[in-house]
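Can you build the whole structure from these sequences, using the hints too?
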Amino acid sequence: MTIASSRFDTLALQGVGRSFGPVNALHGVDLTIRRGEFVALLGPSGCGKSTTLNCIAGLLPITNGQILLDGKRIDTLPPEDRGFGMVFQNYALFPHMTVRQNIGFGLRMRGIAKDEAARRIEEAVRLVRLQGQEDKLPGQLSGGQQQRVSIARAVVIEPPLVLMDEPLSNLDAKLRLEMRAEIRRIHNALGATTIYVTHDQDEALSLADRIVVLRDGTIRQIGRPSELYEAPADIDVAEFMGFRNRIDGRSTKGENGLVRIEADGASISGKANGRIADGDAAVALFRAEDLTICPDDAGGIRATVDAVEYRGREFVGLARTKSGTVLSFTSETATEVGRDVTLSVDPGRVLVFPA
Amino acid sequence: MAISIPASRPKLRQRLALRQIDGVTLLLLPALLVVVLLFVYPFAYGLLLSLRPKVGGFAANYIAFFTDPYLYNTIFATLNVSVPVTVLSLILALPIAFRVRLLKHQRLLTTILVIPITLGTVLVAEGLLNYLGPQGWFNRTLIWLGLIHSPIRLLHNYWGVFASLLITGFPFTFLMTLSYVSGVDPALERAAATLGANAGRRFWHIFLPLLVPGLAINFCLSFVQNFSVFPSAVLLGAPAGETRVIAIAAYQAAFEHYDYSMGSAIAIIMGVVQLLVVGLVLAVRNLFYRGSTTGAKG
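Going down the list, the protein sequences come from chains A and B.
Adding 49 to a residue's 1-based position in the first sequence gives its number in this note's numbering.
Adding 900 to a residue's 1-based position in the second sequence gives its number in this note's numbering.
None of these hints come from the bench; they were simulated from the model.
All residues carry an ideal CB built from backbone N, CA and C; glycine is no exception.
Quick look at which bits of chain A chain B covers, simulated, 3 or more residues with Cβ under 8 Å: (1) 131-144; (2) 152-161.
Cβ-to-Cβ under 7 Å is the rule here; a few derived chain B residues that face chain A: (3) ALA1093; (4) LEU1110; (5) TYR1189; (6) GLY1191; (7) SER1192.
Okay, structure coming up:
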């Protein structure tokens, strides 16, 4: 493998901000990325993740802060002088150029000699497994193949950094899973450094070494996938990481360092995040897969089943408590709609945040 | 529960569909009739008229045209003004369109540009008669700036026609160019930039090849308009000299010599020349990529 990522040690974003007129799309973003990392920028639409990526690429000028590559300021350079490879959401392949010309475009712009370029193009084509398609136009390729061309075009220039802007969002579910594995394989094969923008938490969890969760233009949490999955920093991150069930109530002190939330005639214990005093308003959050049906006398949450969905290995149900809170739960057997059930959750799986 | 189906005849459209005729297509008939009456009939009539000359055999008019330099030179006089004007307006329109596509208040600019189209050639020609004249603002400004000492002659010659065609034709060319330029997916330019292409190379390698088909059509439409120049060639040009365009020759044949047959022949020749140029440009266009100008499958 001779296509490799060029050497650099760190890319640092320091207090980076971007405003569109009076609107702050991004403010105070501090982030350091080390060579070889796969970093995912995760967040709902409009959170500033694509803005961050475009600022790093140089496609959007920043209005505050600075971006440093190994200590040198690069935020004043135009995109063509930064030399980062970018994969676009709609692929942005040049429609009038063949696959070979598309992949070779960056090499041509760099004045790489013909045979050297041909060799690297061939290698990039092999890397993304598009042998035999070199002379086709993008319009003759399927979505997945176009995506591969766009990845090959970005990595063939051996960029220090590969930027990917929701590259899988236009593909169907099956292809998305395949390409996800491909992207990780290519990242590992090249020893590349990748920044990957997505709104899909599964994608971020499975691909990234580190995940940066953005919301309203600020970083909410940075961590390894397992950290984010198990210990989200705040309610928004938790809800985004799949803590779909939420119960609001008043806290009381429980045993073993747990807090208890009293609500709906039931009490739920969980791990406290942040300072929660006795009697404070608090929120308990937990996942659907941790909420299960238990015997009626076990003292859980009483609720009526509203709907049940078949998910293959299990059933996911929606139940409504007396006060109207909707909870989703899992069960191994189908539950009748309209039945009254008692639901319980392991206190170790419940996060309690101050409201 | 029984559903009763009325035993009436199926609708006309359904009956036609059964015979593989799409009823909606029949809506084309009125338009087709208009085209036949207003275009096909006069054209065929003119063609036949041109083949029945006052004297001589059926091709006598055409032979007369191509043997008399006073007549056949009008083709070159017309090409001489219409081709440069068309090319120049495209060359001017392109960079302006590139800048304007990034503007927020495009509508104001397009409104300003549409006004000359609505004024019509005659009014613009009248205006230019004053403006470009020896005592007009243009010459006076140049003298005041010290660029010239005596007024330069811009009227009743080639340049008067040139200026008038450029002014009246430019908005049209520009608006078409703008729509083609805006039609190129902006992501392509961004992709080219991240791959190391500066503005000049982005234009040369990405925009230009994608714009060629549009510019070719644009050229054809502007050229056809400019080739049929008549009012400005008479009002601002030298209708007996260097701007004796082919339309003047046709007009003189038909309405000064009362030879409608010859007039028709010249008109037909005019159409053929236009067709040849358009065909040539479209043939060149076919050498280039013609397809979607976006970076993804639609």
